[in-house]
Amino acid sequence: MYCELANKLVVEAKRTEQLNSRNNARTTLPVHNDELVRNVLKEVTQLKKNLEFFKEQQDIMSTEGISVDSNVMKCQYFVNLLCLERNKRCLLGYQKLRSDMLDSMAWENNGMDVMGSNLGEENSNLTHQEQEYLKKYSELITEMKSGELTDIDLSGSLIPPKEVFIDVRVLKDAGEIQTEYGVFNLIKDSQFFVRQSDVERLIQQGFLQKI
Amino acid sequence: MSLPGRLQETFSPEEVQFIVENQKIKIFPRITTSKKRGGDSSRNNNNNNTDNEDMSRWRMLTMDGRALENMIVMKSTEVTLWLALLLKQQSKCNIIIPEWLTIKGLDLMLQYEKRNIERFSALPWDWLVVSEILFKQAADDFNDPIYELRNRIQDLKEIRQMKVLQGLKNLNESHMQLDNLGLLEINELRPFIVRVMDKLRQIHASGIDTTETENQDYDDDNDIGMGTMISSDRDASSSIPPNAMSF
Amino acid sequence: MDVDIEDILAELNTDSTAVDYSGNNNPLSDIANTNVSTLYNSSYPDDKNIPTNKNPPGVRSNTKISAEQDYSSLMTLWRNERCSPELLPYPHHLMSRMLMRIQDQLERLEIISMDFMGQNSNTIDNSNKPINNNNMLPLLCMEAELERIKFIIRSYIRCRLSKIDKFSLYLRQIEQDSNLKSLDDLLSKDEMIYYQRHSEMILKLFNDTTLKHLPPELQAINDTTGTISMIDEPDWNKFVFIKVIGPNDKMLNSDPLLKKDSNNKFFYEVIIPELEEDVELFIDSIYVMRYNVIKNLLLDGKVILI
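Top to bottom, those sequences are chains H, L and V.
When the letters of the first sequence are read in order and numbered with the UniProt record's numbering, they come out as residues 1 to 211.
When the letters of the second sequence are read in order and numbered with the UniProt record's numbering, they come out as residues 1 to 247.
When the letters of the third sequence are read in order and numbered with the UniProt record's numbering, they come out as residues 1 to 306.
Keep in mind the hints are simulated off the structure, nothing from the lab.
Warning: the hint list may mix true and false statements.
[Stated by the list, open to error] Listed below are the simulated SDA-like cross-link pairs for lysine to any residue, each with C-alpha atoms no more than 25 Å apart in a straight line:
| no. | chain 1 | residue 1 | chain 2 | residue 2 |
| --- | --- | --- | --- | --- |
| 1 | H | LYS8 | V | LEU214 |
| 2 | H | LYS42 | H | GLU108 |
| 3 | L | LYS24 | V | ASN207 |
| 4 | H | LYS96 | V | LYS238 |
| 5 | L | LYS199 | V | ASN237 |
| 6 | H | LYS188 | H | PHE207 |
| 7 | L | LYS75 | L | SER91 |
| 8 | V | LYS238 | H | LYS42 |
| 9 | H | LYS48 | V | THR224 |
| 10 | V | LYS166 | V | ASN207 |
| 11 | L | LYS88 | H | LYS48 |
| 12 | H | LYS55 | V | HIS213 |
| 13 | H | LYS162 | L | LEU101 |
| 14 | H | LYS188 | H | ILE159 |
| 15 | H | LYS8 | V | LYS150 |
| 16 | V | LYS150 | L | ARG57 |
| 17 | H | LYS55 | V | LYS238 |
| 18 | L | LYS24 | L | THR102 |
| 19 | L | LYS163 | V | SER285 |
| 20 | V | LYS238 | L | THR102 |
Make the full structure from the sequences, and use the hints.
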């Protein structure tokens, strides 16, 4: 049946969307379904041929004066046209969802070039055009960050700041760190009151623990 | 997407708290910042660093910095909640618990809620968030036992939720009035209410469309069509007296 | 001496075009002075006086604008933007004042903390909590505050960008239908660049992957002749939660749109055209209402979205 393939594309896009809306985890994209897209495009070509055929038939019959049930003809033509339009919508919908996800990825990556980063393996899921797009969009983000909004850190966290300053305990010796508030000597088991953004890294790396 | 999908429908709980934290609250400072008292400004002159005075000044961008520059120990003043919490965390102030967040205040609200089945009591719009924050971060500033207060907040939450559930059957395609519903309550209900009412609106609109074409196709005398049915239905649901909780 | 080097610096910084002069009737000589107080004096501690006006270009405001007021307006704008189905106008003046204050504050904080570093360098060894002294307290609060302002602007702009993306074809239609001017009011300069460049690259992606493989008559991205229009418009009738707050100046009697009921309570009367129904929106009340019905009240700052 016409449009069945396109429907598969939509279902796939829907699944991707659901997977990504579930939590705060990083956005991921499954492999681009080249084959399905190609097959839908083939169907489009077929539908286009059908339309031309119907049109021809109608012309022939009307010139030869054969009385035709024009309603049946019109209906066939119309159904084919609708399928054609629908296929277009599905193809674009699929690509639009993927580009939305690419946008999310670019923001999550602070507009850095995703290509060179550790996201490399995920990128094999992208088509050549998508990689190109992602690169350009990342550049655009970088540009937006450095404009008049340069103090804002546009790609920063969308979770409201809660505790700007926190108490931390040192789990492992980490030497001295320099912050705006002076030098801290991070000796095991000592405690500090510091700005969270200054030590985020050290917490992630397991040197410090939030109390 | 430059804004994650989950934030496009409603605010996150963290964002609701962020909004509420901009409200004012009264505190008793435990420090004095006012230069007028305790030593005049000339005191700074014997400090070799002339910028020192400048450094201890508060120049705030979201509130009147003068309230902070003029703090006097145990003399109540008003600051935004997030700042009060920061001062509290530094043991620099005590928070004055608002009147409504006492056993007496909450009991009054509970009474109202029980007596008025169709209305919500006039709790502040941020009651759920503020009570939760203060229980957690200013527990020692309460005079009433916190567990008693918690119980009452829970009771209020439940009784209001019951009303909300009761009111859901009044959802319609026109509008609703929801006075005194709190921000957190609204935020939690929003996706559901908006989705249902949007659907009802679409159904209603398509109903009108069909009746209009039907009326054109058939006898124009046929006035008691679908459209009239629906609109009279709606009239019934929206004919609740003004100001009543039509929810 | 009371002269503060920071104030002089601020004065120099603020003597730029970014400040909203529209309400300033003072002679030129006053401007620098006014600006400093505009930037830093929270001379309107009265909460109720805060205009929710987005201060669209051309609208005159006769009150001095305090930092506190601006922040409060920004908060409202952020919440409105998040809740409204359409992209709302960009508050050009408000944002440039905001950004300027942030830049100023950042510089100030840097100077202060550098100073502290110098002071504390000798005592660091015996004090593991250099922040925990009273002199540090203002700095701490200002830092925390700055993070909050940065967050709200970030979230606000990111929300706007997502709408610009969502309605890029619709914006293009506006751009073509009317003169370019309207889009300039709607978007900031940076947003305009974003809109143009992003729609360009997305169109290229669609072209390369899909459109160019379709029959020529189906290659348009903004086709409105098919069974379904491809241009996504905002859902104008989407239901939103509103709170009615009345005119900015709180002068209820002088707002011609306000009516009084038998209990002397003020309300705005609105009409839901689709239902041919009149609704009374009372001051301070909360409603769920179709966006289109309250759109004008929203743009005038007489209702807010919650």
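Outcome of the hint check:
Proposed proximity of H:LYS8 and V:LEU214 is supported: the alpha carbons are some 19 Å apart, at most 25 Å. Of the pairs offered as hints, the one joining H:LYS42 and H:GLU108 is violated, with about 36 Å between alpha carbons and a cut-off of 25 Å exceeded. Restraint check: the Cα-Cα separation between L:LYS24 and V:ASN207 comes to about 54 Å, which exceeds 25 Å; the hinted pair is violated. Restraint check for H:LYS96 and V:LYS238: the C-alpha separation of about 23 Å stays at or below 25 Å, so the hint holds.
The hinted pair formed by L:LYS199 and V:ASN237 meets the criterion: a straight-line CA distance of about 11 Å does not exceed 25 Å. Among the hinted pairs, H:LYS188 with H:PHE207 is consistent with the structure: their alpha-carbon atoms are about 9 Å apart, no more than 25 Å. A C-alpha spacing of about 16 Å is found between L:LYS75 and L:SER91, which places the hinted pair at or below 25 Å, so the restraint holds. With a C-alpha separation of about 39 Å, the suggested pair V:LYS238 and H:LYS42 falls outside the 25 Å cut-off, and the hint is violated.
For the hint linking H:LYS48 to V:THR224, the alpha-carbon distance of about 20 Å falls within 25 Å, and the restraint holds. Pair hint V:LYS166 plus V:ASN207 holds up; C-alpha atoms about 18 Å apart against a cutoff of 25 Å. Between L:LYS88 and H:LYS48, the direct Cα distance comes to roughly 72 Å. Violation of the 25 Å bound is thereby established for this hinted pair. At roughly 22 Å between alpha-carbon atoms, H:LYS55 and V:HIS213 fall within 25 Å of each other, so this suggested pair holds.
Between H:LYS162 and L:LEU101, the direct Cα distance comes to roughly 23 Å. Compliance with the 25 Å bound is thereby established for this hinted pair. Of the pairs offered as hints, the one joining H:LYS188 and H:ILE159 is violated, with about 31 Å between alpha carbons and a cut-off of 25 Å exceeded. The straight-line distance between the Cα atoms of H:LYS8 and V:LYS150 is roughly 43 Å, outside the 25 Å bound, and the hint therefore fails. For the hint pairing V:LYS150 with L:ARG57, the CA-to-CA distance comes to about 21 Å; that is within 25 Å, so the pair holds.
Annotation: proposed proximity of H:LYS55 to V:LYS238 is violated, straight-line Cα distance about 42 Å (limit 25 Å). A threshold of 25 Å between alpha carbons decides the hint, and for L:LYS24 with L:THR102 the separation of about 18 Å falls inside it, so the pair holds. Straight-line distance between C-alpha atoms of L:LYS163 and V:SER285 comes to about 18 Å, which keeps the hinted pair within the 25 Å bound. Proximity of V:LYS238 to L:THR102 is assessed by CA-CA distance (about 40 Å); at most 25 Å being required, the pair is judged violated.
In summary, the numbered hints that this structure violates are 2, 3, 8, 11, 14, 15, 17 and 20.
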